[in-house]
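Chain residues, written in single-letter form:
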Amino acid sequence: MKVQITNGMFMALIINMLYAKSIGLTQGIMAREVGGDIWISTIFSSIQGIVIMAIVIFAIKRLPNGDMIDQYGQILGKWIGKGVAALVFLFFLGAYGTIMATFVYHLKDYFLPEAHTILFIVAAFLIGSYAIHFGIEVIARMALIGVFSVMALNILLLAGSISEFDIKELQPTFDSGFFSTLWASRHHDADWAMATMMACMILPLVRDSATWIRSSTSGLIFSGVIIVMWPILEVGVLSPEVAAQYIVSCMQMARSAEIGLFLHRYEMIMIAFFALSILTQIMMTFLCSSIAVQKIIGLKDYRPVIIPVGLVLSAFSYWMIGSHHRAMGIIEKEWVLVSLSIAIGLPGMLFVLGAIFKKKLKKKEEAKTV
Amino acid sequence: MMKKIILFHALLSVVLLLGACSGKREISDLALVMAVGLDKGEKEGTVKVTAQVARPADARGQTGAPSGQSGEPVWTVETEGSSIFEAIRQMSSMSSRRVFWAHNFIIVINEEVAKEGIGDVIDFFTRNPELRMRTWVTVTPEKANEVISTVTSLEVIPGEALAKLFRYTTISNQAPRTVIMDLLSAYLSESTEPLLARVAFETSKIDNKAPDKGAQTKQVVLAGAGIFKGDKLVGTLKPEELRGLVLFREKLDSGVAVVSCPDDPNTPLSVELTNQSFNVKPKYKDGDISYDASFKAHIRVVEAGCSLDLSNKKHVKKLEDNVEKELTSQIKTTVDKIQKDYGADVLELGKVFQNEYPYEWKHYANSWDEVFPTVKINLKVSAKVESGSLLYKPTTSGKKEKKEE
Numbered sequence: 000m001k002v003q004i005t006n007g008m009f010m011a012l013i014i015n016m017l018y019a020k021s022i023g024l025t026q027g028i029m030a031r032e033v034g035g036d037i038w039i040s041t042i043f044s045s046i047q048g049i050v051i052m053a054i055v056i057f058a059i060k061r062l063p064n065g066d067m068i069d070q071y072g073q074i075l076g077k078w079i080g081k082g083v084a085a086l087v088f089l090f091f092l093g094a095y096g097t098i099m100a101t102f103v104y105h106l107k108d109y110f111l112p113e114a115h116t117i118l119f120i121v122a123a124f125l126i127g128s129y130a131i132h133f134g135i136e137v138i139a140r141m142a143l144i145g146v147f148s149v150m151a152l153n154i155l156l157l158a159g160s161i162s163e164f165d166i167k168e169l170q171p172t173f174d175s176g177f178f179s180t181l182w183a184s185r186h187h188d189a190d191w192a193m194a195t196m197m198a199c200m201i202l203p204l205v206r207d208s209a210t211w212i213r214s215s216t217s218g219l220i221f222s223g224v225i226i227v228m229w230p231i232l233e234v235g236v237l238s239p240e241v242a243a244q245y246i247v248s249c250m251q252m253a254r255s256a257e258i259g260l261f262l263h264r265y266e267m268i269m270i271a272f273f274a275l276s277i278l279t280q281i282m283m284t285f286l287c288s289s290i291a292v293q294k295i296i297g298l299k300d301y302r303p304v305i306i307p308v309g310l311v312l313s314a315f316s317y318w319m320i321g322s323h324h325r326a327m328g329i330i331e332k333e334w335v336l337v338s339l340s341i342a343i344g345l346p347g348m349l350f351v352l353g354a355i356f357k358k359k360l361k362k363k364e365e366a367k368t369v
Numbered sequence: 000m001m002k003k004i005i006l007f008h009a010l011l012s013v014v015l016l017l018g019a020c021s022g023k024r025e026i027s028d029l030a031l032v033m034a035v036g037l038d039k040g041e042k043e044g045t046v047k048v049t050a051q052v053a054r055p056a057d058a059r060g061q062t063g064a065p066s067g068q069s070g071e072p073v074w075t076v077e078t079e080g081s082s083i084f085e086a087i088r089q090m091s092s093m094s095s096r097r098v099f100w101a102h103n104f105i106i107v108i109n110e111e112v113a114k115e116g117i118g119d120v121i122d123f124f125t126r127n128p129e130l131r132m133r134t135w136v137t138v139t140p141e142k143a144n145e146v147i148s149t150v151t152s153l154e155v156i157p158g159e160a161l162a163k164l165f166r167y168t169t170i171s172n173q174a175p176r177t178v179i180m181d182l183l184s185a186y187l188s189e190s191t192e193p194l195l196a197r198v199a200f201e202t203s204k205i206d207n208k209a210p211d212k213g214a215q216t217k218q219v220v221l222a223g224a225g226i227f228k229g230d231k232l233v234g235t236l237k238p239e240e241l242r243g244l245v246l247f248r249e250k251l252d253s254g255v256a257v258v259s260c261p262d263d264p265n266t267p268l269s270v271e272l273t274n275q276s277f278n279v280k281p282k283y284k285d286g287d288i289s290y291d292a293s294f295k296a297h298i299r300v301v302e303a304g305c306s307l308d309l310s311n312k313k314h315v316k317k318l319e320d321n322v323e324k325e326l327t328s329q330i331k332t333t334v335d336k337i338q339k340d341y342g343a344d345v346l347e348l349g350k351v352f353q354n355e356y357p358y359e360w361k362h363y364a365n366s367w368d369e370v371f372p373t374v375k376i377n378l379k380v381s382a383k384v385e386s387g388s389l390l391y392k393p394t395t396s397g398k399k400e401k402k403e404e
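Residue numbers (numbering that gives the first Met the number 0), protein chains in the order written: chain A, 0 to 369; chain B, 0 to 404.
Here are the simulated DSBU-like pairs of lysine-lysine, each with C-alpha atoms no more than 35 Å apart in a straight line:
id: 1; chain 1: A; residue 1: K357; chain 2: A; residue 2: K77
id: 2; chain 1: B; residue 1: K2; chain 2: A; residue 2: K1
id: 3; chain 1: B; residue 1: K316; chain 2: B; residue 2: K383
id: 4; chain 1: B; residue 1: K3; chain 2: A; residue 2: K107
id: 5; chain 1: B; residue 1: K383; chain 2: A; residue 2: K167
id: 6; chain 1: B; residue 1: K163; chain 2: A; residue 2: K107
id: 7; chain 1: B; residue 1: K375; chain 2: A; residue 2: K167
id: 8; chain 1: B; residue 1: K280; chain 2: A; residue 2: K167
id: 9; chain 1: A; residue 1: K167; chain 2: B; residue 2: K361
id: 10; chain 1: B; residue 1: K163; chain 2: A; residue 2: K167
id: 11; chain 1: A; residue 1: K167; chain 2: B; residue 2: K228
id: 12; chain 1: B; residue 1: K114; chain 2: B; residue 2: K204
id: 13; chain 1: B; residue 1: K336; chain 2: A; residue 2: K167
Under 8 Å between C-beta atoms, here's a sample of chain B residues computed to sit facing chain A:
id: 14; residue: L11
id: 15; residue: L15
id: 16; residue: G18
id: 17; residue: S21
id: 18; residue: G22
id: 19; residue: P128
id: 20; residue: M132
id: 21; residue: M180
id: 22; residue: S184
id: 23; residue: S188
id: 24; residue: N354
Partial selection, computed: residues in chain A whose CB lies under 7 Å from chain B:
id: 25; residue: Q170
id: 26; residue: S238
id: 27; residue: R254
No lab work stands behind these hints, which were simulated from the structure alone.
Where is the CB? At the ideal position from N, CA and C, for every residue including glycine.
Bound-form chain A, shown alone (with noise of 0.2 Å):
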């Protein structure tokens, strides 16, 4: 029987998939675009990731045995369904190594920094391979409780924040102009291009698909408000220019943080709640890989592949995440093109030749369920 994940349990990997990026890198680019106004892109980008799920769930709902490269298959044959198994491939590669950049330069900058990055590669490639092994399910479950540590992780810097907060800081709204706002929200965009990406290859494992688009959009408008804290709290409490300065602005506001006089540096606690999060976008990307690569292969089950998938999205994080300048680089520049490109086009595509190809996706949905 194949394994299934209740909408519960989407909702919990939706969020886990956008957090950790988004409040730890993210963030800080968005401040050197547009200063103060990240707040509004934030926000911005959640209301356009609301759209490309909508575009995703409605695409994927035609044929909801498969997931996007099977659809891909069943309508434009099997070459072409193995090249959109590529480019799903392509895109987690990209998206490990944003995640590695988020992973590595959290705990090793801010809290080991005499340990060799080498380490917490391998130490993601073997949580990584050991829960995919175990399926979805356990990731899930994992993503369940993941939810409850950004929520605590939310609080705690709220309470350690919020006697600097200075609301006049949010102001001037648009300084930047608002089309540069608009623009500079596809940085978040390509983190919101990993939840959709992850839907469109675990859709098919959510139980009831009648509440696909609820459960979905529940779980996109609770990242987005657990997420726009930070940026609004980044701007009151450390002030734009300050967020910028930095590769990783949420530990500034994470060791800035103090709970009255006696409880002050808990990011160690803060960082717990984090790893949550990022062990679920690693575990969701390894995952995500090896089932492109089963596909491109050919193979019925994804496990065969896990070990030399991991190698590879090992081998490409280690290499740009060496140098600072790298990672970013490519994270502010070539991913946002690439990642968007693929997480719009694709599923765009699809929802466009899914609703061409209406009648041919009806046969074959009738086909399988007879």
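Knowing the structure of chain A, use the given hints to seat chain B on it.
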């Protein structure tokens, strides 16, 4: 097969758990820095870094009852180098433990160093992942190494005592509350200039064994603020000049004003200002920038050397007028000094204008330095008598009253 699975899981757990040991630091191997002082080095172009390190065994006991037997709760060491980092690295050659900055309370910068620029200080301490972003930063006209080594107040560790001087500054208003995060933020800002608290020595401690000699020992006290332009110290403000400045930047719990008695101009009367609120609103008309500033406070009479009857409306009105005049004069004097003498926008007026008029600000962003000294600030102060603290009737001599009868 089962054995292999168990072995795999055991190895996986070991690898993951022991991974955290990489780069570990045992607490007993750390020299916990409590305060840092920065002075000019003996050689031209060098910097002298003084670090005060806690000796936990001696610091945990009461003063005079050390349990580590050394009698010294801190170990203070200074090194010199052409950069802060070089000087700090030299400390490792004389410290038996690894110098650890995460618990540092305060950074004290000598004014000579500050006059030459503290860009490197800001950069170094904000790059360092160990240092907390709410570490206090101050300037001092004294030698910073002496300031951080002087046992002040009730604390065993001088660094901790210096940090605790800031705990009640929202009441005393003797210095602004400046942390490294604010310093960085102001330094990076387009308009706002950095402002740092100032500490100095004051001979105020009386020796218990020779009280007849009066105060003989130096203590570190909060002593106003240092005003920067860019990264260079350009001037200082005395504690009594601070009210006019701090109102623009911080939320103050309360303040004190000494005015003359309503019916006796030669007798002082002290009032506490509570429920203070301060608002600045920018105005832009025909290319002219001005600000409407309003300060409101409640007056609580805390010390009256004269017969002050709060049921007497004339007295109350006169007292309110006196307080308003005093506050207006204090604020105006400081603002004038900052605008005319230093020309450094430590009042955050540029930011206020930018928030309200973002498009107009773009014209002034590059020339704010020249515009700031010319902007007009229309100040309105309103102070209302709230209470005479615990007393209902004025404290006057009963005999005197009888005599009058």
